[in-house]
Amino acid sequence: MPPDKSSRYDLSVFRNGKMLARLIGIGIIVGCSAVAFAAVAGWLSPDKLTPASFVDGFQQANGVHPGFRRNHAKGVCIAGNFASNGQGVRLSKSVIFQPGIVPVVGRFALAGGMPMMADGPKAVRSMALSFRPANGEEWRTGMNDIPVFPFPTPADFYGQMQAAMPDPATGKPDPAKMKAFVDSHPKTAQAMKAIGAKPFSSGFADASYNSLDAFRFVNKAGTVMPVRWTMAAVDPFVAQSAEQPQTGDKNYLFDALAARLKQGPVQWHLIVTIGQADDPTNDATVAWPDDREKVDVGTLTIDRIASEAKDNCRDINFDPLVLPSGIEASDDPLLSARSAVYSRSFTRRAGEDKTPSAVQIDNTAKEP
Amino acid sequence: MTQHQPFPVFSRLLHWLMAILILAMLFIGVGMVASVTDYYWLVSIHKPLGIVILVLAVIRLINRQINPPPALPADMPAWQRWVAYASHILLYVLMIALPLVGWAMLSAAGNPIVLYGAVHLPAILPHDPMLYAVLRQIHTVLALLLFALILAHFAAALLHALIFRDGVFQSMTTGRRR
Numbered sequence: 001m002p003p004d005k006s007s008r009y010d011l012s013v014f015r016n017g018k019m020l021a022r023l024i025g026i027g028i029i030v031g032c033s034a035v036a037f038a039a040v041a042g043w044l045s046p047d048k049l050t051p052a053s054f055v056d057g058f059q060q061a062n063g064v065h066p067g068f069r070r071n072h073a074k075g076v077c078i079a080g081n082f083a084s085n086g087q088g089v090r091l092s093k094s095v096i097f098q099p100g101i102v103p104v105v106g107r108f109a110l111a112g113g114m115p116m117m118a119d120g121p122k123a124v125r126s127m128a129l130s131f132r133p134a135n136g137e138e139w140r141t142g143m144n145d146i147p148v149f150p151f152p153t154p155a156d157f158y159g160q161m162q163a164a165m166p167d168p169a170t171g172k173p174d175p176a177k178m179k180a181f182v183d184s185h186p187k188t189a190q191a192m193k194a195i196g197a198k199p200f201s202s203g204f205a206d207a208s209y210n211s212l213d214a215f216r217f218v219n220k221a222g223t224v225m226p227v228r229w230t231m232a233a234v235d236p237f238v239a240q241s242a243e244q245p246q247t248g249d250k251n252y253l254f255d256a257l258a259a260r261l262k263q264g265p266v267q268w269h270l271i272v273t274i275g276q277a278d279d280p281t282n283d284a285t286v287a288w289p290d291d292r293e294k295v296d297v298g299t300l301t302i303d304r305i306a307s308e309a310k311d312n313c314r315d316i317n318f319d320p321l322v323l324p325s326g327i328e329a330s331d332d333p334l335l336s337a338r339s340a341v342y343s344r345s346f347t348r349r350a351g352e353d354k355t356p357s358a359v360q361i362d363n364t365a366k367e368p
Numbered sequence: 001m002t003q004h005q006p007f008p009v010f011s012r013l014l015h016w017l018m019a020i021l022i023l024a025m026l027f028i029g030v031g032m033v034a035s036v037t038d039y040y041w042l043v044s045i046h047k048p049l050g051i052v053i054l055v056l057a058v059i060r061l062i063n064r065q066i067n068p069p070p071a072l073p074a075d076m077p078a079w080q081r082w083v084a085y086a087s088h089i090l091l092y093v094l095m096i097a098l099p100l101v102g103w104a105m106l107s108a109a110g111n112p113i114v115l116y117g118a119v120h121l122p123a124i125l126p127h128d129p130m131l132y133a134v135l136r137q138i139h140t141v142l143a144l145l146l147f148a149l150i151l152a153h154f155a156a157a158l159l160h161a162l163i164f165r166d167g168v169f170q171s172m173t174t175g176r177r178r
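In order, the protein sequences belong to chains V and A.
Here UniProt numbering is used: the first residue of the first sequence is 1, the next is one more, and so on.
Here UniProt numbering is used: the first residue of the second sequence is 1, the next is one more, and so on.
Just chain V, same shape as in the assembly (with noise of 0.2 Å):
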């Protein structure tokens, strides 16, 4: 104890070796402390792939779009409902597969970075939806017309991402670069030859739309079961042709839904598929076995389309993990990357001056 009580405040106890020592010593465990913080953060490991370095990569490839989803950029918003027809009570717990009307807002759009681009024939369509449920909950899914995903890892992805990256000297991805990544990569070959193999709808109305990630429904009796889901069109499928159309119109696929809903509503089938124990649920570039129970357990309809705009789908980000109770995230890798990335692309959007979509509706009579 010091010989005056005032004097253990003082800078003058380190004149005291020991006492110097032990500041040190505490530098040092705060300095430690910082240390570890920063490395958690991902700020000493700049090579780390992160969300952020995920929506740079699609920023990079695309060029910056403001106030434009980083992916799925070009879209149009739609409104209906679900009516749901109480066969699917038996495996999921949730509100929305209780026998009733659930009302439903989502979005249409083409798979890339583009918000302005034409439509075409090789472009992915999705399929978003918020389901939302009276007593609160939210279920939001986004789907695509292809039957399985061409990635499992979100490694995977980014690096067909670089590889596609356009040359800065031709401004077009390296084609040998790209078949190096196909080449060294044999799941995201199979998945391409299972893609390529399925023609294409020739619109939005006519596709039908897949989870292409595992999820799991949780019953009442708390009977855990892997699913995939598809939002199977009642129109017939009429397969496209392999040409754009020559009208000179960019948006011939929007436009073509426009004037679909003008004629009524558009129906879907949610058709769920119940996975087996062998089925791989962490591995969305492999289709489950064709037998597998398929259980119907509603219809989507969807009656109103109205340009993106404030308010409506635009401002919604289709976190595929927004779920209800009753449907879980399975241990496929690829889900927490969607919800991770996309909340990320959400952020710089949501901060950023919006300017008209490409796709404009004249609905005078209809609004969502």
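Quick caveat, the hints were computed from the structure, so don't treat them as lab data.
Think of the CB as a built atom: it goes at the ideal place given N, C-alpha and C, for glycine as much as any other residue.
Just to be clear, a hint being listed does not mean it is correct.
Just the calculated beta-carbon pair ranges, DEER-fashion [said to hold, decoys possible]:
#1 LEU21/A / VAL286/V: 18 to 28 Å
#2 LEU151/A / SER7/V: 22 to 32 Å
#3 PRO236/V / TRP41/A: 53 to 63 Å
#4 CYS32/V / LEU21/A: 29 to 39 Å
#5 TYR92/A / LYS122/V: 50 to 60 Å
#6 GLY136/V / LEU151/A: 33 to 43 Å
#7 GLN137/A / PHE237/V: 42 to 52 Å
#8 LEU21/A / ALA134/V: 54 to 64 Å
Taking lysine-lysine pairs in the DSBU-like style, the calculated list, with each CA pair at most 35 Å apart, reads [to be verified]:
#9 LYS250/V / LYS198/V
#10 LYS47/A / LYS310/V
#11 LYS48/V / LYS193/V
#12 LYS193/V / LYS172/V
#13 LYS262/V / LYS310/V
#14 LYS179/V / LYS193/V
#15 LYS172/V / LYS250/V
#16 LYS354/V / LYS47/A
#17 LYS220/V / LYS47/A
#18 LYS172/V / LYS198/V
#19 LYS47/A / LYS193/V
Given the structure of chain V, go ahead and fit chain A onto it with the hints provided.
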């Protein structure tokens, strides 16, 4: 010398429980936003844990009225007492503001605020992406500020324990007077 009174046991329990939770929360938060594959399970802890911390912080404020903290040693220099006082106020402000900003930003993003299963909180702000973007920034800045403040708090605690040896550290640990 001045005998320094310990904190009541309940106050000490609250302090250490919240110390663990808040540190976990800060590491989870800064880790999850930099993570692709671990994002989801971390964010699923982050949201309900934030609400737990908010509730505990309110309990702590009430407890502080019922069980006031012991006075600092009378011989502590005035500027140190002022720094201690101001930093403690700022700690309380941040441990309440951070969860509230988190809740508000999720509301402004139009996202449901799920606690567990079907249990969720209501939105406390209207759906407004620009507002979300601003709050999201504030959430990060406040979190970094809180971590910096906790490091300073930790350093000060160790100074009291190892160098000043005035019983202030023990008043929040063993409660033994020295």
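So, going through the hints one by one against the coordinates:
no.	hint	verdict
1	LEU21/A / VAL286/V: 18 to 28 Å	violated, 41 Å
2	LEU151/A / SER7/V: 22 to 32 Å	holds, 27 Å
3	PRO236/V / TRP41/A: 53 to 63 Å	violated, 43 Å
4	CYS32/V / LEU21/A: 29 to 39 Å	violated, 21 Å
5	TYR92/A / LYS122/V: 50 to 60 Å	holds, 57 Å
6	GLY136/V / LEU151/A: 33 to 43 Å	holds, 39 Å
7	GLN137/A / PHE237/V: 42 to 52 Å	holds, 47 Å
8	LEU21/A / ALA134/V: 54 to 64 Å	violated, 34 Å
9	LYS250/V / LYS198/V	holds, 24 Å
10	LYS47/A / LYS310/V	holds, 27 Å
11	LYS48/V / LYS193/V	holds, 31 Å
12	LYS193/V / LYS172/V	holds, 23 Å
13	LYS262/V / LYS310/V	holds, 23 Å
14	LYS179/V / LYS193/V	holds, 14 Å
15	LYS172/V / LYS250/V	holds, 21 Å
16	LYS354/V / LYS47/A	holds, 29 Å
17	LYS220/V / LYS47/A	holds, 25 Å
18	LYS172/V / LYS198/V	holds, 26 Å
19	LYS47/A / LYS193/V	violated, 41 Å
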